[in-house]
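Trainee: This is what each chain is made of:
2 protein chains.
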Amino acid sequence: MGLTEYSADLLVTGRYLYLQDKDKTLIKDGGVAIYRDTIIETGPTFELATKYPHAEQLATKNGLIIPGLINAHTHAAMACFRGLADDLPLMQWLQEFIFPAEAQLTGDIVYQATLLSLAEMIKSGTTSFCDMYLFAKDVARAIDESGMRAWIGEVIYDFPSPNYGEVAAGLEYVEELFAGYGGHQLINITVAPHAIYTCSPALLKRLKTIAAKHEALYVIHLAETAEEVKEAQERYGVSPCMHLDNLGLLDSKVVADHSVKLTDQEIALLAQRGVKVVHCPESNMKLASGIAPVPHMLTAGLTVGLGTDGSASNDNVDMFSEMNAAAKLHKVKDLDPTLMPAETIFDMATMGGAKVLGAEKFIGSLEPGKKADLIVLDMNQPHLTPLYNIPSQLVYATRGADVVHSVINGCIVMKDRVLTTLDEGKILSETAILAERIEKSRG
Amino acid sequence: MGLTEYSADLLVTGRYLYLQDKDKTLIKDGGVAIYRDTIIETGPTFELATKYPHAEQLATKNGLIIPGLINAHTHAAMACFRGLADDLPLMQWLQEFIFPAEAQLTGDIVYQATLLSLAEMIKSGTTSFCDMYLFAKDVARAIDESGMRAWIGEVIYDFPSPNYGEVAAGLEYVEELFAGYGGHQLINITVAPHAIYTCSPALLKRLKTIAAKHEALYVIHLAETAEEVKEAQERYGVSPCMHLDNLGLLDSKVVADHSVKLTDQEIALLAQRGVKVVHCPESNMKLASGIAPVPHMLTAGLTVGLGTDGSASNDNVDMFSEMNAAAKLHKVKDLDPTLMPAETIFDMATMGGAKVLGAEKFIGSLEPGKKADLIVLDMNQPHLTPLYNIPSQLVYATRGADVVHSVINGCIVMKDRVLTTLDEGKILSETAILAERIEKSRG
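Same order as they appear, the protein sequences are chains B and Z.
So for the first sequence, this note's numbering puts the first residue at 25; every next one is plus one.
So for the second sequence, this note's numbering puts the first residue at 25; every next one is plus one.
Just chain B, same shape as in the assembly (with noise of 0.2 Å):
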């Protein structure tokens, strides 16, 4: 299986190499061969080394490559809140702490809280990731130095943003994101309302004729609580998705992150209309805003995407906890060890998140064609000891301090733990600053 007229300039070999193809293939002592951004070929390293004996090696001795995380919904700049209030009812973490915080935020922060959210996520073996927050611009500036590939977009609402002020300027600054990041190849950008309670109709339907405009993705957070579900109940009599679905809104290209209180009919309707929905199991625990009816889209035939949302609600971006605990919480729900087993939830992190943001011709496995955007695991080591089954190992027992390479679109950004592409020490020491300023502006 090969792209064979090209020659390869890095090979990355190691003990196995799971491709999460169609097939689940498993190569012991295998390799991929890359050419610029692009997978040429996947093989026996002893096949691959002969054939492109001028390739650069990344080798690891007891390394397992797989295709790179994919996170289908986070807030990366929210890193610099992790942890500043936990444990809080819902409307006093976000009216006494978040709000107030996010005030005072402005283009810097949010470029500097983006780096740190950047280390974090290529140090956890996440490539590919879907952003929403205020100040994208700056999202855009810090993703730019750091090689990773990401899909991004304003949050918009129809009260003013730290950001752009009012609305209207809010819906100019999306179209000079689309003009400044067209054809970038890494970065692409979203439409993305906040929330139907915080976007008047008017809003959500003018945010999709830009979005269709640009042929763009529509990212909403949808019916992630109960109290949504009964506002929108109050003030348009149907649920957030008949409201969205009533106003024509609904298909393939939007992106509903959370979609924890759906009706039966309305995951049915999902599926209709080709919406794509993320699963983020450790924020909706932590908020107590409930647990998303995944097994029941699946068998729907929804696409659904694995996503940490930001880390003050999570509190981390690290795929592999989002893994393990996605295939445990839905067992417990429905009290059947059946469901979500590991290979299902493995491929919601890689192939899921890939169809979610249209990307699965490119991303989410390791075949020849597809971009190189891959990590490789250490598994020497007494967590990952024995290992009898790869799904199973990298959903219940990897953590994502265990990535020791990343490549992303042919660039090692990370090697042997040492980011290539940021100043790790230099986003500690400034994002230490940083924290320091927000918890004094505290009072």
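Because the hints were derived from the structure by calculation, they are not lab data.
Among the clues, some could well be false.
Pairs involving identical chains hold if they fit within one copy or between any two copies, as the list cannot separate such chains.
As the list claims (entries may be wrong) - Keeping only pairs whose Cα atoms sit at most 27 Å apart, straight-line, the calculated DSS-like set for lysine-lysine is:
1. K85 x K439
2. K277 x K85
3. K254 x K464
4. K277 x K46
5. K254 x K161
6. K85 x K464
7. K48 x K254
8. K464 x K52
9. K464 x K48
10. K52 x K450
11. K277 x K161
12. K229 x K161
Start from chain B and add chain Z according to the hints.
Mentor: Leaving out everything else, chain Z in the frame of chain B:
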């Protein structure tokens, strides 16, 4: 605060020292002065360094020093079954995979697999644990080499054991354990009836007599599943908890593992009898057993510790992961984000576990006169930045891999993530051979 008639021989210092005492004292740039196996003083580093100039220094610039974690329920040797089979109905998992694999066990396999789990426990911050499994003398042999602190029991039931054979020989084996390890400074012997559904009333009572004679803990799986409760109702006309009480067995030396299916009245009864409970949320999630009513237990005044259960049903023995799950699970179960706050969870994993084991005077916090069991975490990492609140960071963001040093009973058992008492490389290679044999014997 010190026992200053002694001169320290080890001084462990770091950026933060969190004593986990009654006042939740945090000392910036603090340290712990240790004489032999005992903490003699805690305080600012500059004071201790002046006072004990001849002590060996273990200094960690960005370190957070906390008490070692206490894993109050595990089956260490089950590490050799990690990932052997997952996502199956409980009975199929037990009957087709775990029981046949356990029937092949020998003392040497248990010794080898226990070493693996000890390495994983030390590397993820556990310093004390309570184990129940087969071939307990071989478990003890491994623990003795590791320098860990442990409570261990030979699992006793009415059917023949691959270790001792018939139950009469099992009772002798237990007496031999007490004879062999009475007075050992780190190993404590318990009496460990497997459960009420595998032990006759006569056996349960006989074992309690043995425990009482040795003033030992009586460790038993209790009310883990709905099936256990149903079977007890059918066989004895009462719940598992009431069955033990009817036999006169419930007292302050009883450790009830899991305790998923308890009524309000049973919780009140256990509190009244002084029974201790061990909560194992990740195992209960993965096996779909249910969610133990821990918030209610705590309100009722029950002492609750935290345990990982064995690596076949978790699939790790990482107490940081267990704390994370415990903190989030009850919030989403009861839709209340204020339940099980970080401080409560960290208490369960330290002082709670100490109280469960009747060792609260010796371990669970860093105070003069207590045993020197502590760990040091490297806080200068992206996922641990910023640091606003220590219990929150420990419960929601820290991973086992963040532990850099571990001191147990005054001895450094891990320094810069290198084990000093165990040969990690040898353990990994020998376990890999063992795992091949286990896999082959499945045919």
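Trainee: All hints are to be evaluated individually against the structure, with a verdict given for each.
Mentor: Hints, one by one, checked against the model:
no., hint, in the structure
1, K85 x K439, "both (14 Å within a copy, 24 Å between copies)"
2, K277 x K85, "neither (42 Å within a copy, 49 Å between copies)"
3, K254 x K464, "neither (37 Å within a copy, 56 Å between copies)"
4, K277 x K46, "within (24 Å within a copy, 54 Å between copies)"
5, K254 x K161, "neither (34 Å within a copy, 60 Å between copies)"
6, K85 x K464, "between (48 Å within a copy, 24 Å between copies)"
7, K48 x K254, "neither (43 Å within a copy, 41 Å between copies)"
8, K464 x K52, "between (54 Å within a copy, 18 Å between copies)"
9, K464 x K48, "between (51 Å within a copy, 22 Å between copies)"
10, K52 x K450, "between (39 Å within a copy, 22 Å between copies)"
11, K277 x K161, "within (22 Å within a copy, 61 Å between copies)"
12, K229 x K161, "within (23 Å within a copy, 71 Å between copies)"
Checked against the numbered hints above, the structure breaks hints 2, 3, 5, 7 and satisfies the rest.
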